[in-house]
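Reminder that position 309 of the sequence shown reads as 309 in the UniProt record's numbering, one-by-one numbering, no gaps.
Since the hints were made in silico from the structure, they are not lab data.
You can trust all of the hints, since none of them are fake.
As a list, the in silico DMTMM-like pairs of lysine to aspartate or glutamate whose alpha-carbon atoms are at most 20 Å apart:
1. K280 <-> D257
2. K153 <-> D179
3. K280 <-> E90
4. K280 <-> D91
5. K280 <-> E99
6. K153 <-> D257
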Amino acid sequence: MTATMGTPQDTGPVVRGSVPAAGGGQPARSRRSRPLITYGRWWWALPAVLAVLLIHYVATAGGALYAFTNWTGIGDFDFVGLENFRRIFEDPASIGSLENTLFLAFGFLVLTNVVGLLLALALNRTLKTRYLLRVLFFMPVVLSPLAVSYVWKFIFDFNGPLNGVLAWFGAAPRTWLADPTLALWAVLVVMAWQTTGMVMVIYLAGLATVSTEIEEAAALDGASTWQRFRHITLPSIRPSVAIASTLMLIQGLRVFDQVMALTGGGPAGATETLATQVYKETFALSNFGYGAALALLLTVIMLVFSVLQQAATRDRS
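Between the sequences and the hints, there should be enough to build the whole structure, so can you do that?
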């Protein structure tokens with residue numbers, strides 16, 4: 001029996017639309033076999049992009065034009081340039097609302113992130129009842145801000161439960177929402193109480209990516225709990241820190257529901273914010289031009305602080 005000499009031939013199935021590669025490698029896919037979706041695939045996103053541009057950006061830009069007018073909501077209007085913005089920075093009430101907005105925003109940012117991170121660390125792995133506690137801490141997030149605010153308004157009432165608890169300890173009752181000093185802190189407490197659960201969930205998602213092997217190795221090497229958190233946990237959850245900080249900063253700057261439900265901006269404007277002042281100037285006093293200027297100022301502030309916050313929490317590694 002004689003053996004047939006020669007180059008071995010590829011007896012595998014031939015794929016239609018493919019060209020054999022040089023050197024007997026994998027066949028190269030021809031252009032005819034490319035899926036249809038790869039041609040002009042950016043067209044598929046075009047309707048959504050146009051919808052966002054028309055509904056959000058174009059409408060916002062159109063509304064911003066009224067910030068440079070004296071429109072009252074009815075009839076014609078005149079362009080007044082930067083007159084509305086000059087009035088804002090010369091009006092003590094507007095300056096006070098700006099200060100209150102910044103106080104609530106940064107207080108809300110710090111309080112929710114600190115408490116949310118502590119809760120996430122406590123409910124991360126070892127606690128047996130962690131799943132039940134996660135649900136309980138997250139429940140306020142899904143409730144209506146108005147409903148939560150009205151419940152807390154009852155708690156802060158002069159004859160409410162909070163003063164009742166203080167009476168048990170012999171403390172004098174306080175007018176929590178009628179005191180200009182305490183009212184702003186009461187609003188901050190309600191905001192943080194309802195939203196901390198969402199921050200906790202964001203940090204729990206980040207903590208799930210932290211390697212337990214690295215933490216155990218660091219513990220065996222003698223690293224303390226603080227050292228493991230600072231050098232292992234915190235760098236690993238940096239994206240979660242950036243997301244939580246950005247969301248809380250924006251939400252704190254545009255706070256509206258809690259203020260309107262708890263104090264209505266009072267007492268004597270002590271809890272007035274830019275968002276509540278926009279509502280009052282636009283819909284209560286029909287100063288649409290001035291209200292649009294306040295809204296544009298708030299938008300610029302949110303944009304500037306968001307960019308600065310993203311730069312501060314950016315991963316530089």
